[in-house]
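Visitor: What follows is the residue order along each chain.
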Amino acid sequence: MNIKSKIKNWKLTELIDKIEIVAEDSIEEREILIDKLSLPRPKSIGLNRSETNINWNAIPKYYKFFFDRNGYEKIIEQWLRNSEISQSKSLIITYGWKEPMIKVATELFFEDWEGFIRSTLWETIIFSDDYKLIMEVSRDYYLHSNFEIMPNSKVF
Amino acid sequence: MGDDGKEIFTLTKSGSFKDAKTVTSDIIGNLGDNAIDYVSTTGKGKNPFYGKTVGKQSANGKSGYRVDWDENTGAHINWWNGKQKGSIPFSGGLEQAKRIIDNEVIR
Numbered sequence: 001m002n003i004k005s006k007i008k009n010w011k012l013t014e015l016i017d018k019i020e021i022v023a024e025d026s027i028e029e030r031e032i033l034i035d036k037l038s039l040p041r042p043k044s045i046g047l048n049r050s051e052t053n054i055n056w057n058a059i060p061k062y063y064k065f066f067f068d069r070n071g072y073e074k075i076i077e078q079w080l081r082n083s084e085i086s087q088s089k090s091l092i093i094t095y096g097w098k099e100p101m102i103k104v105a106t107e108l109f110f111e112d113w114e115g116f117i118r119s120t121l122w123e124t125i126i127f128s129d130d131y132k133l134i135m136e137v138s139r140d141y142y143l144h145s146n147f148e149i150m151p152n153s154k155v156f
Numbered sequence: 001m002g003d004d005g006k007e008i009f010t011l012t013k014s015g016s017f018k019d020a021k022t023v024t025s026d027i028i029g030n031l032g033d034n035a036i037d038y039v040s041t042t043g044k045g046k047n048p049f050y051g052k053t054v055g056k057q058s059a060n061g062k063s064g065y066r067v068d069w070d071e072n073t074g075a076h077i078n079w080w081n082g083k084q085k086g087s088i089p090f091s092g093g094l095e096q097a098k099r100i101i102d103n104e105v106i107r
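Going line by line, the protein sequences match chains A and B. Residue numbers are given in our numbering: position 133 of the first sequence equals residue 133, and the series is strictly consecutive. Residue numbers are given in our numbering: position 92 of the second sequence equals residue 92, and the series is strictly consecutive.
If you are wondering where the hints come from, they were derived from the structure by calculation, not from laboratory data. For clarity, every value in this text was computed on a predicted model and none was experimentally measured. Any given hint might turn out to be false.
[As the list claims (entries may be wrong)] Stretch-level coverage of chain A by chain B, calculated; a stretch enters the list once three of its residues show a Cβ under 8 Å from a Cβ in chain B: (1) 32-44; (2) 48-58; (3) 62-70; (4) 76-89; (5) 117-126.
Think of the CB as a built atom: it goes at the ideal place given N, C-alpha and C, for glycine as much as any other residue.
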């Protein structure tokens, strides 16, 4: 059975002809990628909304900002467009349990970045097509990244 | 969350999980016969709740809820319904949230 025919996620079905399936199981593939890219993992994990799958404090270039602000949708879109990630033609996005990891044109992500993040249920890691630029969304609506999106958002 | 955030914060009179769940159901409505479990995916190998059911969601993911915890709100139900989302705290703290998940009260 074609993997795309099994997809039920509202955003992925909306863009079914515009996405590429990178892996059938997002979570399995995410774990493989974290190891392959030698990304540091956090020590303490429990039920906290601020938790991430990457230990961002151990990443030398670490930026973060709270994105869930009224009236900031277009501003954040512009920040994304102005950032390094705009050099990547496509993005790889992880989804939830038993959902696929997908590749989508960066422009489509920019046009509805909030919808994409909502469709991941505010839990995702997003990679540039060369896997060098990384963003992670935590359930407390923070966007963590190894490149600047919001101006002056570097964590020291 | 942030002061100017979009999350709707609701308090119940009793502060119980049962009432938080009832209010959640009133807000998000029926998730459908084909509703699926929301499974915790953070922290494989380090999170005792990894792979466990912590909530429920509609098949297309447009609406649902999960049990969550943070330092400011404590234990709460985190719900979403289309573009709206919110949190409803319940008493008992992190331990109560753990009990609810361990005892599969959600399922």
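Visitor: Work down the list of hints and note, for each, if the structure agrees.
Guide: Going through the hints against the structure:
With a threshold of 8 Å between beta carbons, the proposed coverage of the region 32-44 of chain A by chain B holds, since 4 of its residues qualify and at least three are required. Residue count for the region 48-58 of chain A with a Cβ under 8 Å from a Cβ of chain B: 6. That meets the three needed, and the coverage hint holds. A count of 4 residues in the region 62-70 of chain A with a Cβ less than 8 Å from any Cβ of chain B is obtained; the coverage claim is therefore met, three being the minimum. Using a Cβ-Cβ cut-off of 8 Å, 0 residues of the region 76-89 of chain A lie near chain B, which falls short of the minimum of three, so the contact claim is violated.
Given a C-beta distance limit of less than 8 Å, the hint that chain B covers the region 117-126 of chain A holds, as 4 residues qualify and 3 suffice.
In terms of the numbered hints stated before, the structure departs from hint 4 and from no other.
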